[in-house]
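Participant: So the protein sequences, as listed, match chains A and B.
Heads up, the first sequence is in UniProt numbering, so the first residue is 1 and it goes up one at a time.
Heads up, the second sequence is in UniProt numbering, so the first residue is 1 and it goes up one at a time.
None of these hints come from the bench; they were simulated from the model.
Honestly, I wouldn't trust all of these hints.
[Stated by the list, open to error] Here are the simulated DSS-like pairs of lysine-lysine, each with C-alpha atoms no more than 25 Å apart in a straight line:
(1) A/LYS78 - B/LYS36
(2) A/LYS196 - B/LYS27
(3) A/LYS107 - B/LYS113
(4) B/LYS135 - B/LYS95
(5) A/LYS162 - B/LYS36
(6) B/LYS172 - A/LYS32
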Amino acid sequence: MDRFSWTTGLLELGETLVVQQRGVRLSDGEEKVKFDSGVLLLSTHRLIWRDQKNHECCIAVPLSQIVFIEEQSSGIGKSAKIVVHLHPASSNKEPGPFQSSKYSYVKLSFKEHGQIEFYRRLSEEMTQRRWESMPTGQAVQVNKDTQAGRIRAVGIVGIERKLEEKRKETDKNISEAFEDLSKLMEKAKEMVELSKSIANKIKEKQGDITEDETIRFKSYLLSMGIANPVTRETYGSGTQYHMQLAKQLAGILQTPLEERGGIMSLTEVYCLVNRARGLELLSPEDLVNACKMLESLKLPIRLRIFDSGVMVIELQSHNEEEMVASALETVSEKGSLTADEFAKVVGMSVLLAKERLLLAEKMGHLCRDDSVEGLRFYPNLFLTQS
Amino acid sequence: QAKYKERGTVLAEDQLAQMSKQLDMFKTNLEEFASKHKQEIRKNPEFRVQFQDMCATIGVDPLASGKGFWSEMLGVGDFYYELGVQIIEVCLALKHRNGGLITLEELHQQVLKGRGKFAQDVSQDDLLRAIKKLKVLGNGFGIIPVGGTYLIQSVPAELNMDHTVVLQLAEKKGFVTVSEIKSSLRWETERAKQVLEHLLKEGMAWLDEQAPEEPQYWLPALFTELYSQEITPEEAKEAIP
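Construct the complete structure from the given sequences, taking the supplied hints into account.
Facilitator: Below, the structure written as structure tokens:
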């Protein structure tokens, strides 16, 4: 870290900003120093670090001092890093935060990410070496007494001021957003209170509220995202929306189900449907609540929940118990099979393959051999040969 | 009797009418908010956290339904539901490597990779919220706190308190031994072995019998070296077609 010099952070004439990243910690080799949280700027000429809290604290190192750079990917509790190996400091270097250092490299920790992009840009600059073809004036001090120097300084100050204004504008936008958000939340809170009071009325007057009113109330709750105070569900089963959705699903899923042997896990359905929609996606809860209505609406597909909690959609015509019979045949042919192997043979997802084998076991057709090498299923000879 | 019934119905009707009116007003307020700050929510992860926390405080779940006002007007729904799809895909692709356990960090990296350079930034907080919503699909999604971070479970394997605490113990080095479990947790050998065997069976742990002193149980989910490894085309196929 003794290669760094104090700087004003102002770009010099001929120096252009390439990329910047917030939330970067600077370390002297392996040792932590006080440069914990800063904005890291890459220009065509230098690597600049400015403290986020104290803008006066600003240091830089010329890119020409960099020997090479390495990436360190993130780990548990550790941010991604770039390691910058540096030439020894030159004797006429401007003063900096450290007189000496036992390390010839520094580490940049990207606490708020951005490491990938920064590394890419830094590598580019090091390849292009633009600082060689775009000489900047020496430190502005040297020229500041001349007319030309004063003009240069004004130009740079103008750019800096624009950046500062933009920063302030962003900050202002954010605080305005927070203010507006708080006001909005106050109003939302009123809605929650009102819904609670209605729910209480409903509870008191059991049965005196019409079904139509119940449906209306539930749809209001749905719009606001308020949990139903009576049943604790965050939806109204029986809202028009979920009924319509259930019918849509029956249409959309017919072919995919047929292509997949009549059965799909709910996660598969979630991904399939949402990828097809592209916009106005379904929430996981929307999907589950719509599927819970399939049976009552007498649609050609149904929801089934296995003992393990795995949820699937099946064609009405699909009979998992019959599939078990054919599963038994397959397992018998091969002697024994794990869920992975069975999935490959039959062409199903491992998740559903496992459920089918477990069901076969529950029905007494298969036996398990549960060892550290995995769960393997055998035909239940106890049953067939007793 | 009839009179009481009437009154009851009228009261509910009144309040419902009031709620309907207030709902319309709220919708207008939300529209106004959206026109000014929708971008902020899309671009700023910190603002999203604030927003979510405030909603939770007043008892509102903006992600409950794609049909909710929040989702429709602020677009928060699409952001998280799409993230859900991406999380499912990554977990499926990597399941055969790690048995269905993955650190939040690795999941984050892989999701960011999948989203590409020009996509919106997502934070770890965003991932956690999306995962909490996915639980309802019954696929066994779970969040296990370990060390300073989280392990994300994406298979319906049963992981009880015993399993969790061993995972937490293994987090420091990426592996754990029977002796370590016995000395740190003061368990009997049998209990330690049962937990480790369960993890082996589920494919969440691998056994290194050639370790110098005693067998080591490694968790692929915690291997730092695997982090930057790409998802291979074969693995991507395993994920939803």
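Participant: If a hint holds in the structure, say so; if it doesn't, say that too.
Facilitator: Hint-by-hint comparison with the structure:
no. : hint                : in the structure
1   : A/LYS78 - B/LYS36   : violated, 36 Å
2   : A/LYS196 - B/LYS27  : holds, 19 Å
3   : A/LYS107 - B/LYS113 : holds, 24 Å
4   : B/LYS135 - B/LYS95  : holds, 17 Å
5   : A/LYS162 - B/LYS36  : holds, 23 Å
6   : B/LYS172 - A/LYS32  : holds, 21 Å
Going down the numbered hints, you'll see the structure goes against just number 1.
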